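S.K.: Model the full assembly from the supplied sequences, consistent with the hints where possible.
Line order of the protein sequences matches chains A and B.
Taking our numbering, the leading residue of the first sequence gets 1, the next gets one more, and so forth.
Taking our numbering, the leading residue of the second sequence gets 1, the next gets one more, and so forth.
No wet-lab data here; the hints were simulated from the structure.
Careful: at least some of the hints might be erroneous.
Identical chains share a label here; the pair holds if one copy fits it or two copies do between them.
Claimed, not checked - Taking lysine-lysine and the BS3-like style, the derived pairs with C-alpha atoms no more than 25 Å apart in a straight line are:
| # | residue 1 | residue 2 |
| --- | --- | --- |
| 1 | K24 | K13 |
| 2 | K134 | K155 |
| 3 | K33 | K155 |
| 4 | K134 | K2 |
| 5 | K13 | K97 |
| 6 | K2 | K155 |
| 7 | K13 | K80 |
All values derive from a computational prediction rather than experimental measurement.
Now for the letters of each chain:
Protein chains: 2
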Amino acid sequence: MKWIDLSVPINEKMPVYPGDPAVKIEPAGDIHKNGYEDHYLSIGTHAGTHIDAPSHMIVGGATLDQVPLENFSGRGVLIKSGMNLGLETIDGVSIQKGDIVLFHTGMSGLYREPEYYNNYPAMTEELARYLIDKKVKMVGVDMCSVDHEPFPVHKILLKENILIIENLTNLSALDGLEFRILAFPLKLQLDGSPARIVAEIPQTNS
Amino acid sequence: MKWIDLSVPINEKMPVYPGDPAVKIEPAGDIHKNGYEDHYLSIGTHAGTHIDAPSHMIVGGATLDQVPLENFSGRGVLIKSGMNLGLETIDGVSIQKGDIVLFHTGMSGLYREPEYYNNYPAMTEELARYLIDKKVKMVGVDMCSVDHEPFPVHKILLKENILIIENLTNLSALDGLEFRILAFPLKLQLDGSPARIVAEIPQTNS
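M.R.: Structure (structure tokens):
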């Protein structure tokens, strides 16, 4: 097996969604004084590479701990969408029940720029509804969000319990490969969680 | 595939290692006011089910982001050790290079009791050295720690870049099964990280 990391590093310098609290990391134990090094991490549930649970946008929706484990992994499908997140971008792509569909827009190249948060394309509602019809497990993007306020696409997907992955990186490493996505969030009884999201490439594939 | 969760839930009521900071969860966005629900999680790098990086106890040791991705998964080996964490507990067990060896002591049944932190067995240095000889990837326990202050076993394992998983739960669900462990921590440039640790059971096995 070969593994590919699709997650951004977590540190105090990472950008966060406008209005969200910044990541803070404080020492909690000193190796010379206490015999071990230890830290206290403060992080928003939607900072960095993370997963949205239905309760993020749906009143009464499931929190992450209520989502069955099998929903956090599946066959990955990479869509080289560029900035077009309409139905035409998946023309001719075979999407199957249980797939995890990742859209590579290229926005991750602007991760540290203002444009990353104020000039990104929104997925169309038609595409979101198509992915629901196909019964995918998760939808992922290399952007800060799948759409803009008031977030109709978030609501369409989360209402159907389709999880959303945001702030993916390194998607170009998946070009031309068959892969499986593993996207297990922390066991938080909350609306979202940062997660280490990785692709597993079968040996026959590399 | 079938998945088994080996992670404790993360919330403000969870116990933490004596002296470590408590978990705090604050609201950051309100679904009625902001249109979305969002939280700010503050958590120690060694709270709940978590992974120790070498830098936790070794000066100049690797932080978690420096550990190759392939070290976070492998064939799982379950040792029903009970409270005996000496060499004899793995008598006759076939341990291979790259395995992730989990010791089921039963201490997880006392997770919320004072004994969980003040009366648990330590792994012997001999057993730790045997696991190093076998070139395992990770060593996991359903206890708050693999040993007691001044933590000789931690240091023996971490010095050889063998990662340690602590506060596992639900290990009895693995009895008699073949399984693979997936234990991907957050991409923190730090000494440890809470992680969603799961076992993957091949279909032929259930």
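S.K.: Next step is simple, just say for each hint if it's right about the structure.
M.R.: Hints and how they fare:
no.: 1; hint: K24 to K13; in the structure: both (9 Å within a copy, 22 Å between copies)
no.: 2; hint: K134 to K155; in the structure: within (17 Å within a copy, 50 Å between copies)
no.: 3; hint: K33 to K155; in the structure: between (49 Å within a copy, 16 Å between copies)
no.: 4; hint: K134 to K2; in the structure: between (28 Å within a copy, 22 Å between copies)
no.: 5; hint: K13 to K97; in the structure: neither (38 Å within a copy, 38 Å between copies)
no.: 6; hint: K2 to K155; in the structure: neither (35 Å within a copy, 29 Å between copies)
no.: 7; hint: K13 to K80; in the structure: neither (29 Å within a copy, 44 Å between copies)
In this structure, the earlier hints numbered 5, 6 and 7 are contradicted, and the remaining ones agree with it.
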